[in-house]
Amino acid sequence: MLRLENVSAGYGSFQALFDVSLEVNGGESVAVIGPNGAGKTTLLRVISKLLPASAGTVSMEGWPLNDVPAHQVIARGIAQVPENRRLFPKLTVEENLKMGGFLAAARARYAERLEFVYSLFPRMKERRAQAAGTLSGGEQQMCAIGRALMSGPKLLLLDEPSAGLAPVVVQAIFGLIRRICAEGYTVLIVEQNIRQVLKVVDRAYLLETGRIKTSGAAATLLASDEIRKAYLGL
Amino acid sequence: MQIFDSFLLEAVINGILLGGILALLALGLNLIFGVIDVVWICYAELIMIGMYSVYYAHNVYHWPLALAFLACVLLVAALGALLHVLVIRPVLGAEPINQLLVTGGVLFFLQAVATLAFGVEFKNVGVSLPALQIAGMYISFARLIAFGVALGGMVALYLFLKRTYIGTAIRAISQDRGIMPLMGVSPNRIFVLTSAIGGALAGLAACLLVLQYDIHPAIGLSFGPITFMVCVLGGLGNMVGGFIAAFIFAQFISVGGYFLALEWGYVLAFLFFIGMMFWRPQGILGGK
Ligand SMILES: Nc1ncnc2c1ncn2[C@@H]1O[C@H](COP(=O)(O)OP(=O)(O)OP(=O)(O)O)[C@@H](O)[C@H]1O
Ligand SMILES: [Mg+2]
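Chains as they are written, first to last, in the working numbering: chain H, 1 to 234; chain U, 1 to 288.
Chain H residues, not near chain U, derived (Cβ > 12 Å throughout):
1) G27
2) F116
3) G175
4) A223
Distance condition first, Cα-Cα at most 30 Å in a straight line; then the derived DSS-like pairs of lysine-lysine:
5) H:K90 to U:K162
6) H:K154 to H:K213
7) U:K162 to H:K125
8) H:K154 to H:K90
9) H:K125 to H:K154
10) H:K213 to H:K229
No wet-lab data here; the hints were simulated from the structure.
Glycine residues also receive a C-beta, built at the ideal position from the N, C-alpha and C atoms.
Just need the whole structure built from these sequences, with the hints factored in.
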């Protein structure tokens, strides 16, 4: 479904990604794991065209995204839950969800998708009229995920959904992500919380200082010495 | 001593009516600042161009007044969009002072163009509306219409911003410009559209002002500064604050003018403004 071939990118003269190649197949859930500053967010920004790639190609369902402007990436079926959630703080929960369904094609199915998001996150229905900025961290993450689902994406990109949340809430969020995967969504998730995310996804790539170091089935990586020593402290 | 003073009441009512048009003037400027984070110093000059367009369409080309008004709103809306594309967009990332200077430059440009094209003599559309006499008070019909239309325009804008997808996007973009593409929204288009709406509001104000005032190239100076003060008093970019501030200001002018002389009404309003700037520099409803 999504394929990156030798993608490089950076900020000015600083190069953040080097020759990254990866693939996400339909129905799969894939993680990109790596430490602070590895380039995970940069990778998702490149996929969403918020940042231009300096080399390489990103393609979705066989179509290169090279000439697609950022605001049309979502029309190709790619929705992103950005780092730090980035809700519109003064809009209500429901208005935030509405923004997620801004595309003409999504507007026609607004009521149906809203119902779906509310069934996934009943808490959001309770808080529908509340300003998003006043939600708790976990609720904000739910709202941000719900907002991305409103476009009916084929591929959902998640940037550190567990960041800054209390351990119990992290558990709840990963539980929800598991449910979203079970619903049949294809998911690419970027995480520092390696132990948790590897229990949720099918496969993972390890990104270090802008380069893919290794990749494989989640269970294999979780058991590998490389990951255990360097990242799980075992 | 007489408790019920009908002249005072008349002054209060006229103040309310004046408040309506001031609120409309402030609305467009606040919308632009709130969404794009740029102050259109040349806002009143857009209105001046709009007033001339009504004059030329109606008095020179003999269009019906309603058509001239419609053309004026559309023309100034187009000017607003053009201003954004040609002048604002290139300086969007620049220092605020440069943005001010650039729109200030447009102010002088528009004044000069108007002087060259239309001359310095005063023009008047010559539509004179009667003053209504209600319970012994004289209420200007033109002001009453202006008040009604201004209020209607504000309600329409409010509903647009609240109820529609585009309106919601306009509010959203002022909170987080960077992620709008992730929603499928092109920030550029929203900015052009917002500028066109700001222009349309200036055009609407032009239609209302042309019923009350003569037109000349420097007419912008007679209500531009007061519009900025209303916006700043309300909290720049805050549309509700601007609305409240407009009515406070108008009362100072109207009631102050009643007790002293009209010019003193303005002096009082300015003094009040200066005092408020010491007390609440961020404006009545301003955040920062
Ligand atoms: N706007 C920017 N300008 C310059 N350098 C940047 C910018 N954003 C990120 N970088 C640099 O690019 C590198 C990768 O950053 P990125 O945000 O992609 O890392 P990350 O893996 O998402 O980290 P984290 O886990 O902390 O979110 C870092 O060295 C960072 O300092
Ligand atoms: Mg990151």
